[in-house]
Amino acid sequence: NKLSPLNNDYEKVSKEFETAEKNLKSVQAKALEKEILYNEEFDKMEQEQIRRRKLENSIDELKGSIRCFAYLSESTLTESYKIDYSKKTIESVDLDSKNNAVAKSYSFTRLIPSTLLSEDDLLFQEYQCYHDMCLENKSNFNLISVGTFPWANLVTALTKFLFPKYLHDYNISLQHVFLSEDVPSQDLLLSSSDNSDNEIKLKIEEDSIELDSRIINITSGVEDLPSTFFEKRVQLPSGITILKLTFTPKNTDLDENIVNYYFVEIYDGNTISTLNKAVTYGESEKTPITLILKKLLSDTKSCFVFNLNDTTNNNKLLDVSQKIMKLKNPKKKRKAQQ
Amino acid sequence: KKHVSDIELNLINKRQDIKNANEKKLELEKYIETTENELIQIGEILIKEETMRRSLHNDLQELRGNIRVFCRIRPPLKSVEDINTNHIKVQPFNDNHGNQSMEIVKDHRCIQKFQFDRIFDQHEVNKDVFDEIGQLVQSSLDGYNVCIFAYGQTGSGKTFTMLNPNDGMIPATIDHIFDWTDSLKERGWEYEVSCQFVEIYNENIIDLLREETSAELDEITNNGRHDIRHDSDKRITTITNIKTSILKSKDSVDFLIKKATKLRATATTAANERSSRSHSIFIIHLRGSNNITGESSYGILNLVDLAGSERLNSSQVEGARLRETQNINKSLSCLGDVIHALGSSDASKRHIPFRNSKLTYLLQYSLTGNSKTLMFVNISPTQQQIQETLNSLRFASKVNTTKMVTRSN
Ligand SMILES: Nc1ncnc2c1ncn2[C@@H]1O[C@H](COP(=O)(O)OP(=O)(O)O)[C@@H](O)[C@H]1O
Ligand SMILES: [Mg+2]
Chain A
1 NKLSPLNNDY EKVSKEFETA EKNLKSVQAK ALEKEILYNE EFDKMEQEQI RRRKLENSID
61 ELKGSIRCFA YLSESTLTES YKIDYSKKTI ESVDLDSKNN AVAKSYSFTR LIPSTLLSED
121 DLLFQEYQCY HDMCLENKSN FNLISVGTFP WANLVTALTK FLFPKYLHDY NISLQHVFLS
181 EDVPSQDLLL SSSDNSDNEI KLKIEEDSIE LDSRIINITS GVEDLPSTFF EKRVQLPSGI
241 TILKLTFTPK NTDLDENIVN YYFVEIYDGN TISTLNKAVT YGESEKTPIT LILKKLLSDT
301 KSCFVFNLND TTNNNKLLDV SQKIMKLKNP KKKRKAQQ
Chain B
1 KKHVSDIELN LINKRQDIKN ANEKKLELEK YIETTENELI QIGEILIKEE TMRRSLHNDL
61 QELRGNIRVF CRIRPPLKSV EDINTNHIKV QPFNDNHGNQ SMEIVKDHRC IQKFQFDRIF
121 DQHEVNKDVF DEIGQLVQSS LDGYNVCIFA YGQTGSGKTF TMLNPNDGMI PATIDHIFDW
181 TDSLKERGWE YEVSCQFVEI YNENIIDLLR EETSAELDEI TNNGRHDIRH DSDKRITTIT
241 NIKTSILKSK DSVDFLIKKA TKLRATATTA ANERSSRSHS IFIIHLRGSN NITGESSYGI
301 LNLVDLAGSE RLNSSQVEGA RLRETQNINK SLSCLGDVIH ALGSSDASKR HIPFRNSKLT
361 YLLQYSLTGN SKTLMFVNIS PTQQQIQETL NSLRFASKVN TTKMVTRSN
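First to last, the protein sequences are chains A and B. Residue numbers for the first sequence, in the working numbering: 1 to 338. Residue numbers for the second sequence, in the working numbering: 1 to 409.
Honestly, the hints are just simulated from the structure, not real lab data. Cβ coordinates follow ideal geometry from the N, Cα and C atoms, glycine included. Be a bit skeptical, because a hint or two may be false.
[What the hints assert, rightly or not] FRET-style restraints, in silico, Cβ to Cβ:
{"#": "1", "chain 1": "A", "residue 1": "Asp-310", "chain 2": "B", "residue 2": "Tyr-298", "range": "29 to 35 Å"}
{"#": "2", "chain 1": "B", "residue 1": "Ile-228", "chain 2": "A", "residue 2": "Asp-319", "range": "51 to 57 Å"}
{"#": "3", "chain 1": "A", "residue 1": "Asp-310", "chain 2": "B", "residue 2": "Ile-246", "range": "58 to 64 Å"}
{"#": "4", "chain 1": "B", "residue 1": "Gly-188", "chain 2": "A", "residue 2": "Leu-116", "range": "45 to 51 Å"}
{"#": "5", "chain 1": "B", "residue 1": "Pro-75", "chain 2": "A", "residue 2": "Asp-319", "range": "38 to 44 Å"}
Let's have the full structure, built from the sequences with the hints guiding it.
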């Protein structure tokens, strides 16, 4: 029979296939087992990291100082700086006026390596505990980013962080303005044509900074923001942007439960100097921007994040950061009714 | 003809299937391998996280002040005690506040809440406890004075916590001291470790390291051979005529403890176990010197197994037992007052009644200045002991009340 060798072959191959199938199945089972184990361990790791961050946050809180995070990397700091992650300091050697070497040490609440952690990680991992704590304690609070150029990634990351996460428990409304002492202020939620010469009025109230700019109620998330929100910001000679959010818990509508949150961006050298004046003891200069900054620092809980990923101008940033590190956060004020 | 090619085609297909299956298997094996590697990495991260968490918890406690209070619940004794312990509810550790709370339900309705720096539930073993206090113990190597007390009624687990062979706080401490001093040698540090072991009974000091043959116990206590001397300039306390043993290795300590425990147990005067009516204090002196940097340090670690805290009703006892009872009550309440006063925000201005008992007088320099204090409140898990348990927890809470005061820098 001419067929039989072929049939034999076929039978043999079929057996081989069965074995291969069987082996595959057992490896599949093993892979699944490992995957389950991996997921469990991964969850445990995340849980432990959250626990640790909460403890870190409680320690920051007990110390009472304004939080100062530095976002940095070895490659962008010039060689005269040494980063010590365990001590949370940046060490440098400067020359004084007589050319003598002076060692300087800059300390921070956190040093966050930009090569390992993205802006998303910075917010979701390092910053989140602080944000949650302020909301839970109903303290008005802020996040102030300071750098020498616009930090678009942080803004994008912040919207990802805020929405839709907090929409579940809070009604959120939002305003976004650019304020400057040198150039016209702008309502950043309006297109530039609508904006022509509407100066933004700003009122410093007991419990908040009121802005007469467009208010958007966020209901679904990032999609509620105008497309211009994410446009690349041009580097202007001076000014700050304020993104003001109000968080109103969904289960109550009592005024006293509303929390105001300010995300402030400082991204030019002139405004860094203004910030420096605002945090220098005994400096009495009163400009609109210093008043705003002083109000934020004295009446809301503050967290600064310094973007040190600019090779040219770290000295000024480091100097102002150390003045801020010495400031205390305000004690929580009792609401009048209570 | 057609039939043949069908089979041939099937054959080709099957061969392809085999190849696919094998490729897929190879792929999965690679996946398993990378997963295994990642699991190892996660394991390492978990270990680091645990170390960091402990150290942060320690930082947090130091920020709050020099006094910390831990509660420990022992497991029910097998076949003797009810395993139902539903009247004690321990909450998970609160990561936001860095402390832990528990509730005691009495008579099904009255719920009382207590809060401590840490609560060790019945499943946590001595190693878990030591892991948590390791840093405190270690600070004595840096020259801090440290006091660790075990407080609680008789049978609540004080001696088990402090002295249980191998894993109790004293044996584990000694173990670690030798590990640490070995590792510090690389950085130029040499340590001399010595110890004393004393008992305070009826306001008298008894040397638990004495040569057994030296004298009868009664003679020793009556003679009042051992006096406490304070050198207020150097802030050093000495006990006269007391034996000090130099510790060279951890084995030498096991021997010492065995001997002392025997001495303590056999010193029973009446039918009652003496150890429940006296305080025992294990004192470790750590003298370090660094031949590279010229630095030196001297820290004292005091590990105290207190007398049982059960309140004996003074009206029911007379004579010798009455005096004993009064002495215990007085020294424990004095200890509570002292620790409470030390924890208050105006401690430096307050008069602190160290002299009111031998125990606090002896430990005065180890409780003040740059010192750290930990109190374990040991409690029994049984419903029958709930009143004593509540007494202990209230005592510990009183010691703990000033916890929220932030130490000013
Ligand atoms: N954590 C524990 N785990 C297991 N057994 C314990 C524990 N704590 C105490 N015990 C046991 O309970 C009994 C009483 O403990 P003990 O340490 O002698 O109490 P105390 O010194 O307070 O009088 C002993 O038999 C001891 O072995
Ligand atoms: Mg005992």
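Hint by hint, here is what the structure shows:
no.	hint	in the structure
1	A:Asp-310 / B:Tyr-298: 29 to 35 Å	49 Å, violated
2	B:Ile-228 / A:Asp-319: 51 to 57 Å	54 Å, holds
3	A:Asp-310 / B:Ile-246: 58 to 64 Å	60 Å, holds
4	B:Gly-188 / A:Leu-116: 45 to 51 Å	34 Å, violated
5	B:Pro-75 / A:Asp-319: 38 to 44 Å	58 Å, violated
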